[in-house]
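For reference, the chains in residue letters:
Number of protein chains: 2
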Amino acid sequence: MATSSGDQGQQNCCFQKWMHLQEVDLSELLQALTLSENGDRDVRLSQLVQKMIKHFEEYIQQRNRLSRDDVSAYFAPAWCTSLENSMLWIAGCRPSSFIRLVYALCGSEIESRLTEFLQGARTGDLGELTSAQLSDINTLQSKTIKEEEQLSGVLAGLQEDIADQPFVVIARTSSGASESNGDVERALDEHAKGMASMLEDADQLRISTLKEMISILTPVQAVDFLVASKKLHLCMHAWGLKRDHRHGRE
Amino acid sequence: MATSSGDQGQQNCCFQKWMHLQEVDLSELLQALTLSENGDRDVRLSQLVQKMIKHFEEYIQQRNRLSRDDVSAYFAPAWCTSLENSMLWIAGCRPSSFIRLVYALCGSEIESRLTEFLQGARTGDLGELTSAQLSDINTLQSKTIKEEEQLSGVLAGLQEDIADQPFVVIARTSSGASESNGDVERALDEHAKGMASMLEDADQLRISTLKEMISILTPVQAVDFLVASKKLHLCMHAWGLKRDHRHGRE
Chain G
1 MATSSGDQGQ
11 QNCCFQKWMH
21 LQEVDLSELL
31 QALTLSENGD
41 RDVRLSQLVQ
51 KMIKHFEEYI
61 QQRNRLSRDD
71 VSAYFAPAWC
81 TSLENSMLWI
91 AGCRPSSFIR
101 LVYALCGSEI
111 ESRLTEFLQG
121 ARTGDLGELT
131 SAQLSDINTL
141 QSKTIKEEEQ
151 LSGVLAGLQE
161 DIADQPFVVI
171 ARTSSGASES
181 NGDVERALDE
191 HAKGMASMLE
201 DADQLRISTL
211 KEMISILTPV
221 QAVDFLVASK
231 KLHLCMHAWG
241 LKRDHRHGRE
Chain X
1 MATSSGDQGQ
11 QNCCFQKWMH
21 LQEVDLSELL
31 QALTLSENGD
41 RDVRLSQLVQ
51 KMIKHFEEYI
61 QQRNRLSRDD
71 VSAYFAPAWC
81 TSLENSMLWI
91 AGCRPSSFIR
101 LVYALCGSEI
111 ESRLTEFLQG
121 ARTGDLGELT
131 SAQLSDINTL
141 QSKTIKEEEQ
151 LSGVLAGLQE
161 DIADQPFVVI
171 ARTSSGASES
181 NGDVERALDE
191 HAKGMASMLE
201 DADQLRISTL
211 KEMISILTPV
221 QAVDFLVASK
231 KLHLCMHAWG
241 LKRDHRHGRE
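Chains as they are written, first to last, in my numbering: chain G, 1 to 250; chain X, 1 to 250.
In isolation and in its complexed conformation, chain G is listed as follows (with noise of 0.2 Å):
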């Protein structure tokens, strides 16, 4: 396991460059929602969102690499505010929100499509979903859903573990808080390997998750979906900055 001080740091750097990006990215999905619509408009929004699954992806891969020498860190990040980290399932957002913020945006479409309707107006396409696509997003919801269920499962036994041996038996003879103990680094290092592990698998899933999502949809109501995600993961941080500040926390 390394040992540089410099690993706070760097996680932190990683955070902060993500969350650039996200607004980066946000600003190139909005402008793109003006484009006219002429032929190659759909190729172009394609183009632009498997940029942004690129990006996500990018960004999985570095911090997959730093959370090897630090996995702790990544499940209670001290760079995300207290809101965020209450809502985290291991280490991220969980794979199913992906669908419940379609099936949100979905109904918040259709509503306010009434009206324009009757003003002759319309706005965005996730309220056009097709049937094949909403049975689509309900196959897919079932599935992540088992799938979530299988590594909520792996991360309590793991969480289990350490009132398990070889820690228990450390712990009991342990003098004191002070004392070194190789075993104990080595158990806790053996711990982290698996954390680190299924932390790779649930971020494998969120992105599987949200590529089958956006294979369902097209393109134009793939970047409303990426829009209404950035926005909101945005808008978390800040209302969790406003709060944490507001609790003495900075």
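No lab work stands behind these hints, which were simulated from the structure alone.
Worth double-checking, as some hints may not be accurate.
Claimed, not checked - Taking lysine-lysine and the DSSO-like style, the derived pairs with C-alpha atoms no more than 30 Å apart in a straight line are: (1) Lys143/X to Lys146/G; (2) Lys146/X to Lys146/G; (3) Lys231/G to Lys193/X; (4) Lys193/G to Lys242/G; (5) Lys193/X to Lys230/G; (6) Lys17/X to Lys242/X; (7) Lys17/X to Lys242/G; (8) Lys193/X to Lys146/G; (9) Lys51/G to Lys230/G; (10) Lys242/G to Lys193/X; (11) Lys146/X to Lys143/G; (12) Lys54/X to Lys211/X; (13) Lys146/X to Lys193/G; (14) Lys143/G to Lys143/X; (15) Lys242/X to Lys17/G; (16) Lys193/G to Lys231/X; (17) Lys242/X to Lys193/G; (18) Lys193/G to Lys230/X; (19) Lys143/G to Lys51/G.
What the hints assert, rightly or not - Negatives, chain X to chain G, calculated, CB over 12 Å: (20) Leu35; (21) Asp40; (22) Gln61; (23) Ala104; (24) Asp136; (25) Glu149; (26) Thr173; (27) Thr218.
Claimed, not checked - Simulated restraints, written as ranges between beta carbons of each label pair: (28) Val24/X to Leu134/G: 56 to 62 Å; (29) Lys17/X to Gln150/G: 37 to 43 Å; (30) Ile207/X to Gln50/G: 47 to 53 Å; (31) Leu21/X to His55/G: 46 to 52 Å.
Beta carbons: idealized from backbone N, C-alpha and C, even for Gly.
Knowing the structure of chain G, use the given hints to seat chain X on it.
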């Protein structure tokens, strides 16, 4: 929602007092194990165990009261180490880990007893669980895991709610991170109420599991279990501090 800037201080103080009490209680429990096996030993041990449960209940009551004003802080406490935070289930230990601990202690005592038996000596009493006790513990385990799963479902629901109304619509129409929005505050306060209520339920499950486990054990077994539990908790905190220090976190 209260807005005292001293929230963080009060929460931290509550935790530090609890950790100190754990050390004091541990000394008292260890002292009690040296009592000679006369007629009133079991009565004295039982009284001590009840005192420890009362301390736990008082701590839970205090943090439940504090968490109503700032529940997010308890899901990744700044006063805990990253190692501890990565092991959290709804802002505390998994109730099922009490049972896992008893099984681990039982196993390790049977192992060490074999050596001692051959040497004509003996140690703790958790290696002497009767088949009736093992059956009761097994029933308690099934029941606890079921209740844990139920609460995990409540947590999943609350986490997914963030990707739904009203948050999605507020985020979507948000013009920037710094804007003030009464709708956000109300929605987050409402959501926090659900989180605080779930935290109280999880704490009640922790207490009831602990009490039921103790009611199954003999007084000396219960003391043995509490000693191991407190040692493990104190060691985890100490091990986590060491790792945080190594990774540049203080």
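A quick look at each hint next to the structure:
1. Lys143/X to Lys146/G: With a Cα-Cα distance of about 22 Å, the restraint between lysine 143/X and lysine 146/G holds, given a limit of 30 Å.
2. Lys146/X to Lys146/G: holds (17 Å)
3. Lys231/G to Lys193/X: This hinted pair holds, its Cα atoms lying about 24 Å apart.
4. Lys193/G to Lys242/G: violated (35 Å)
5. Lys193/X to Lys230/G: Holds: lysine 193/X and lysine 230/G sit about 26 Å apart, inside 30 Å.
6. Lys17/X to Lys242/X: Judged against 30 Å, a Cα distance of about 21 Å means the pair holds.
7. Lys17/X to Lys242/G: The given pair, whose Cα atoms are some 28 Å apart, holds under the 30 Å limit.
8. Lys193/X to Lys146/G: holds (28 Å)
9. Lys51/G to Lys230/G: Between lysine 51/G and lysine 230/G the Cα gap is close to 14 Å, so the pair holds against 30 Å.
10. Lys242/G to Lys193/X: holds (18 Å)
11. Lys146/X to Lys143/G: holds (22 Å)
12. Lys54/X to Lys211/X: holds (10 Å)
13. Lys146/X to Lys193/G: Holds, at about 28 Å.
14. Lys143/G to Lys143/X: holds (27 Å)
15. Lys242/X to Lys17/G: holds (28 Å)
16. Lys193/G to Lys231/X: With Cα atoms ~24 Å apart, lysine 193/G and lysine 231/X stay inside 30 Å; holds.
17. Lys242/X to Lys193/G: holds (18 Å)
18. Lys193/G to Lys230/X: holds (26 Å)
19. Lys143/G to Lys51/G: Holds. Lysine 143/G to lysine 51/G sits at ~26 Å (cutoff 30 Å).
20. Leu35: holds (20 Å)
21. Asp40: holds (27 Å)
22. Gln61: Non-interface label on glutamine 61/X holds, nearest chain G Cβ at 21 Å vs cutoff 12 Å.
23. Ala104: Per Cβ check, alanine 104/X is inside 12 Å of chain G; nearest 5 Å; violated.
24. Asp136: holds (19 Å)
25. Glu149: violated (9 Å)
26. Thr173: The claim is violated: threonine 173/X sits with its nearest Cβ about 9 Å from chain G, within 12 Å.
27. Thr218: holds (19 Å)
28. Val24/X to Leu134/G: 56 to 62 Å: Holds, since valine 24/X and leucine 134/G (Cβ atoms, about 60 Å apart) stay within the stated range.
29. Lys17/X to Gln150/G: 37 to 43 Å: The hinted range 37 to 43 Å holds for lysine 17/X and glutamine 150/G, with Cβ atoms some 39 Å apart.
30. Ile207/X to Gln50/G: 47 to 53 Å: holds (51 Å)
31. Leu21/X to His55/G: 46 to 52 Å: holds (48 Å)
Hints 4, 23, 25 and 26 from the list above are not met by this structure, while the remaining hints are.
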